[in-house]
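These protein sequence lines are chains A and B, in that order.
1199 is the number that our numbering gives to position 232 of the first sequence; each next residue is one higher, with no gaps.
30 is the number that our numbering gives to position 29 of the second sequence; each next residue is one higher, with no gaps.
It is worth saying that the hints were derived from the structure and are not from the lab.
Bear in mind that the values here come from a model prediction, so they are computed numbers and not experimental data.
Misleading hints may appear alongside valid ones.
[What the hints assert, rightly or not] Each computed EDC-like pair below joins lysine to aspartate or glutamate, with the alpha-carbon atoms no more than 20 Å apart: (1) B/K511 - A/E1018; (2) A/K1146 - B/E348; (3) B/K112 - A/E1142; (4) B/K112 - A/D1050; (5) B/K513 - A/E1129; (6) B/K513 - A/E1018; (7) B/K113 - A/D1050; (8) A/K1110 - B/D199; (9) B/K454 - B/D577.
[As the list claims (entries may be wrong)] Non-contacting residues of chain B with respect to chain A, defined by C-beta distances greater than 12 Å in every case (computed): (10) K113; (11) D438; (12) D490.
Note that CB positions come from ideal geometry on N, CA and C, so glycine has one too.
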Amino acid sequence: MTDTKPIAFANGGARSAPAETGQGVAASGETPSGGSPRRLQISILRYNPQEPGSTPRMQAYDLEEADGMTLFIALTELREKHDPSLHFDFVCRAGICGSCAMVINGRPGLACRTLTKELDRTITLAPLPVFELIADLSVNTGKWMRAMSERLETWVHLKEEEIDLSRMEARMEPELAQKIYELDRCIECGCCVAGCGTARMREDFVGAVGLNKMARFRLDPRDQRTDADYYELVGDDDGVFGCMSLLACHDVCPKQLPLSTQIAFIRRKMIATGWK
Amino acid sequence: MNIVYTDVLVIGGGLAGLRMAIGAKRRGHSVTILSLVPPKRSHSAAAQGGMQASLANVIKAQGDNEDVHFEDTVRGSDWGADQRVVRMFVNTAPKAIRELAAWGVPWSRVKKGERDVVINSKKVTITERDEAHGLLAQRDFGGTKKWRACFVSDGTGHAMLYAISDQTIANSIPVHERTEALALIHDGGRCYGAIVRDLTTGVLSAYVAKATAMATGGAGRIYRVTTNAVICEGIGTAIALETGVAALGNMEAVQFHPTGIFPAGILVTEGCRGDGGLLLDGAGHRFMPDYEPEKRELASRDVVSRRMEEHLKKGKGAKSRFGDHLWLDITQLGKAHIEGNLREVKEICQYFLGINPITDRIPVRPAQHYTMGGIRTGHTGESATLTGLFAAGEAACWDLHGFNRLGGNSVAETVVAGMIVGEFIADFCDRPDNDIDISTGLVHEFLHREQAKIEHLLHGNGAEDATALRVAMQEIMTANVGIFRNGQDLEQAVDVLQDLLRRSRDIGVKYKAPGANAELVTAYRVQKMLKLGLCVALGALTRTESRGAHFREDYPQRDDARWLKRTLATWKNEADTVPTLAYEQLDVMAMELPPGWRGYGAKDYIDHPDTPQRAASVDALRKQLNGADRFATQRSLMPYEHMLPERLRGANERLDEPLDDADHDRH
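Same shape as in the complex, but just chain B (with noise of 0.2 Å):
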């Protein structure tokens, strides 16, 4: 039996993955990271437009400050996000950009003077300060009050993932590549590490871990049209699902991206509409000003989306042989701005396309995007029913986007909760009570666990095919799991998922070769996925309501009387075909902003008994404190800061916010 023992088990090699295992090394534990593929291919590097952090350097920017992004975060969630984690997470934000900036990534820089710039289809001349010369850039994203994603040219992802994987090579960092977690050990109260399968030998290892630390990305690949990488099936998710004791939240908060280009579903970033472009219909009309007045092609992702399918609906699309599409139209920003800050969309277009967006609209259409669900984790990243499991990034749910993420969120939440969660993971493994003593028993009986599935599919001459399963399950939940919900296409959708499920316990491998073997991963990776697929189809089916990017057209209205609360997806029992669903009530008592219109999107909602109460008492403390600084304002509504590790804790210069040297001490 192969045993690797390490402080810290990191799996996944992305940018949240990463930034954990460099905090946690830097603590003095020994950490080693699993990866699917080199770090540095992993989708993290597909973020393109921006990473969100409220700098307020550039003009459209000044007024921007943790406040701002909160407010901004929470109504994009739709009232879903727990509000300290928000809190949490805009404070640290600046000062996760400010590292990475240190670290070498080539962000873009604010020229001082004059430019030209395309907002709302006009041409308008903006002066930036010669204070700001130098300083980190910010352009515009949808769902946000003032221009705050800062970026590198587009492929912002990309250069973060260099800096950090290269940081994690300078601390000296294994990465072992190419592997792949299959089920995480445990005892059904303390998770100990994972089984691990080398995916060219077909090798089973154990790795033993005091800490188990998930950021293994978002699950995609459960539909056919997504903008993820093939590599984001949401394997991560699910073998902590299949520990029977560590809960999903919100897994039925799926999001879909507007611009995904048509078919192929790549993505081309926001900061296309962020820099000015426009959404145009068949006839070459400018359709979302009719539908949202205040935000434009400029709402949140979840309501231009489904603004985008109700035109279609109309038949007021493009026509091609592939099916009906939009147009997003670029051609207005000009040769010079596409060459320097949209260049991987002008090469996406070019190679996958045959098109030049300089001259050309480009052909789009909303694909699945990002998994607002997750591992559910409490502030410090670690699973409150299995001690010792953490989780990151987009496979966790701390829950920092709640029913639907905002642009730019992403990314900087991958560094943020890499930083914040990997002081947490520290901190646990520096308590003497967390030293494991795990016998090598369970160990054993895990690992040959494993193996037996393994053989089974190998060798247990089962009668279905693994790439038939997956494509049948990618076809339901793209047809009747996407953008419009109802009860009766839930219903269906789990009856043909649970089929499904039972099905891939009869999988038969043709292909034998135990070791690197496609066809063998698709088989025991498409058993999870329709796990997940379950669970956000039965999550989406019992929400007998609409909220964020979960859209019911039998109950349009979002009800917070009834569902301001979390799903939470637990897997009881191995022999089940549906996940057990309990809720978790958010207190609305406790949130720093009261439920209440986004400012973008449906006006109409149930409001939850308490939000009367609670938005007259936040008003009165308000006025009370009128005149206060805004720090001491916030502590009074939500204090939150105890929660943050302690050397992330404090104020963020700004320009105009200076920080003397009391500020900085202060908080």
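For reference, chain A alone in the conformation it holds in the complex (with noise of 0.2 Å):
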């Protein structure tokens, strides 16, 4: 299965991993036990283009840390106590639903599974760029993500439509199906978007959540369709080509997705099927 080995890519190792031992998460930063608790400062960019008058500006809030504290809790201290106008969107407050993402600090990430002793005392919150805004920090990724999987067909496309349900499944290396699931663990949570420098550019850029989303489906032998089909999907400026390699999205992705051995390994395979 040569055909399906990923290109090592050098700059892989910038992305931040989350703590391997215990020292990580639980030891760094100061704890609020013990001493006094800190006082956060949380700046949010606040704007709602629904609200007659609006404009952007930044909000300080100030709040007492607590113990195991993550940006889900506090934001919603926040709003329950102090400002019930802040807009954010939490669904499984777990990182596994993908509902959180916002710029952290300057990068994006899960604001559910941040906790706040990682973080400076003060904090920076913004909305993810790229996405329809829907109010300060709640941003309309499932617009997006819809758009983006109507046009790529992000689904197996079968060769019969009919399948017999009483017979026995078709069979599958186990391996195989451990490397499509890898592949399958994005959570369309916007961050690789968010932080890519031709979505910026592009308005249909398909950003990294697209390109591995056709790299799984190029790897499942249950999906029909042929690297003619899939350079059809992305074999352009708004899809494969028009990536810069500037690889942001490999370094914010939260689930550690291969996304730039992925993305190279694509453009490969759409390089050699335009040359034919």
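Mind assembling these two chains? They're in different frames, but the hints should get you there.
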């Protein structure tokens, strides 16, 4: 299977890995227990296009840190106790659903699983760029992702529509299933798009999220599409040739997906296909 | 007035809603889905460990089939389930998972040959059959005789939700994201759709539909400590209740999952224990075998959670500044296993606890996890009292889980019920007599009423604070309506909740924005959530027995003689402060598996007077049919196949149960 072997990229180590041991998250920063808790200063980029007269501005909030406080807990407390007009999105609050991506101290990330004790006392929060702004930290990633899915047809294209449900499932090599899952772990949070230089310049760029999906379906033997089909979908500057290899997508991906290798791999395949 | 017309209105964009929508759309009906959030962000994504389907591929699953799955599920339910629905479910689960396999879910697969596993704290080498290589793999879960939980690492729900959501897109089904149904439109007998609020603009619209299908999930957020996502507030269930016509079944049946991480309540999967993880107390002692020698850590969730709390009450917990907790220890599973099959668990531990489960124990304590109760429907998913209203998944009570759900049966239920109810909805819409004839006056009346309620919250100068009421509700539910219940605490809870409900009618919202407005949303939701809380608390107070997850310290026995029945709650008048309760008897004489001991948990229970007679006749029938194939035996005990949609009938092929063409057509 030399065909699917990804090409190694030199700068893959730039992303921040989660704590590997007990000393990581727990021990970094001063813990609020014992001494007096820190006063956090949370600065939020406020703007609500729906509100007449609203203009973009930074607003700072003062908040006492608590044990185990995440940005989910902090923002919820701010809204419930101090400012009901704040807007943001959380769903699972467990780092699984991808709803709460925002720019945290200049870097896209999942707010729900960011512990405040990992951050300085002063925290700056802004909405993800590129996506349509709903208000404050809330952006419409859902609309963007649906449009991308429709365009790239991000589903398995079966040979036959009707499946005989009484029969045993088709076999698949265990390693291949695992490889597909590795790419299937994307949670469509939008961090990669928010960190992307091309996405700022090209409105229709499919982003690392889209290219990763192409790699995922290309790997899947159940999908009948060929490289020629994929070329029609991503063989242009709004697809894989728009990527400038800045690779912030790879650095900020909260699920640590192998985006740089997948994009490079898809690009090679698409060049080979386009050359024919 | 904005009116949107659609044949089928699906409310909820999780697994159950999406699968129903695909079913109805493929039969040629127009479908519109409403979702609070983008569908891929639904709480279905949080299901980690597995989906129960009796495929019997791995060696530890050999001999598994629908019969074993059926018995496990009924025992798990503590005989509260509708056994015919359980039969429909176990027969459809293999079909549902095979459909998902074809749709691209990257299910973990069997690898032939030897592998090391941990069983009851010991390393064991097992050998997978050559002929099983590449088929879907199964892992062990609580309350099951065989390894049956099919899985995608520990991101099972995520992978399923993405595959089904993408199928929804492939079928061009519109999803109206960030919308919320506030009320069902009905005339007391027929449901016509819903009044819907756009959560971004605040604009109300009427969605008029032939069939309205609720798939809004559970109501975990009526509790303070829950594994549920913040959107799991039970609003779909509540608006069905508010019709005054539709009934809610068994709302007192609330599941607490043994392993919520402490103190945040975020779930770590039952797969941790299924794969060999242990529960330890403060002294590092493995205590579950002391209480449950048969199934140890892998008894059903209600039993394990109760034993954990019992052990904590004895002062055996580990101390922390947040209170006492126990430990989940998966270190013996090893790095390769944890990074391969429990990677979400590893991430959660790293990000929320700052620990590494490869080397560190995980602090855990039971947390609210699942709502067994829900909108009462028949086996077709339709309400018996409100025509045209359907429900599926956690929001529904058709009643698969009775008083305790088995791990891995919930994601299985979402897609199975989605398939079955989707077909019945299509049948319903096909029948010309179900065409609707609704006056715009009625639609306008409902829309106007909901608009007035919102205006009142925003500009009625109410004195009460919505968040304070919600916190008070969550506190009393957690303190008094939790794992251990008693008459005194429950009476107090009903009183407190009634008081909160009265006060909630005087909420004033400080932030006045008509569009996106979280305070306003909390305000109208807490009014509805309090009604659900009252259904749970009053149902629990009235049920003077212990069954499954419902445990009464003052009535510790299961009492089939008086309580082998389903609670039905309705909300007759808007001004009421408690639901009206009624009961629906379960028919012992029609049961395939008459009530008995579950095989774990308490052994003493009070029999129903019909039980000995039914048990004797089942035994006699089995003896008489000795030698007949298992399908024939099953049919003679409790026929159910005629209840399934035609295209979902028939036997399921397995390695050890090849399907010849005759079998294929026979059923």
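To see whether the hints hold, each was checked on the structure:
1. Proposed proximity of B/K511 and A/E1018 is supported: the alpha carbons are some 16 Å apart, at most 20 Å.
2. Only pairs whose Cα atoms come within 20 Å are accepted, and A/K1146 paired with B/E348 is accepted, the gap being roughly 19 Å.
3. Restraint check for B/K112 and A/E1142: the C-alpha separation of about 9 Å stays at or below 20 Å, so the hint holds.
4. Simply put, B/K112 and A/D1050 have alpha-carbon atoms about 55 Å apart, too far for the 20 Å limit, and the pair is violated.
5. Distance restraint check for B/K513 and A/E1129: the Cα-Cα separation of roughly 52 Å exceeds the 20 Å cut-off, and the hinted pair is therefore not satisfied.
6. The hinted pair formed by B/K513 and A/E1018 meets the criterion: a straight-line CA distance of about 11 Å does not exceed 20 Å.
7. With a C-alpha separation of about 59 Å, the suggested pairing of B/K113 with A/D1050 is violated against the 20 Å cut-off.
8. Taken as a hint, the A/K1110 and B/D199 pair is honoured in the structure, with Cα atoms around 15 Å apart against an allowance of 20 Å.
9. Distance restraint check for B/K454 and B/D577: the Cα-Cα separation of roughly 17 Å lies within the 20 Å cut-off, and the hinted pair is therefore satisfied.
10. Its beta-carbon lying about 9 Å from the closest one in chain A, B/K113 breaks the requirement of being farther than 12 Å from that chain.
11. Under the 12 Å C-beta cut-off, the non-interface status given to B/D438 relative to chain A holds; the minimum distance is some 34 Å.
12. Every Cβ of chain A is farther than 12 Å from the Cβ of B/D490; the closest lies at roughly 27 Å, confirming the non-interface assignment.
Comparing the model with each earlier hint shows violations of hints 4, 5, 7, 10; every other hint is respected.
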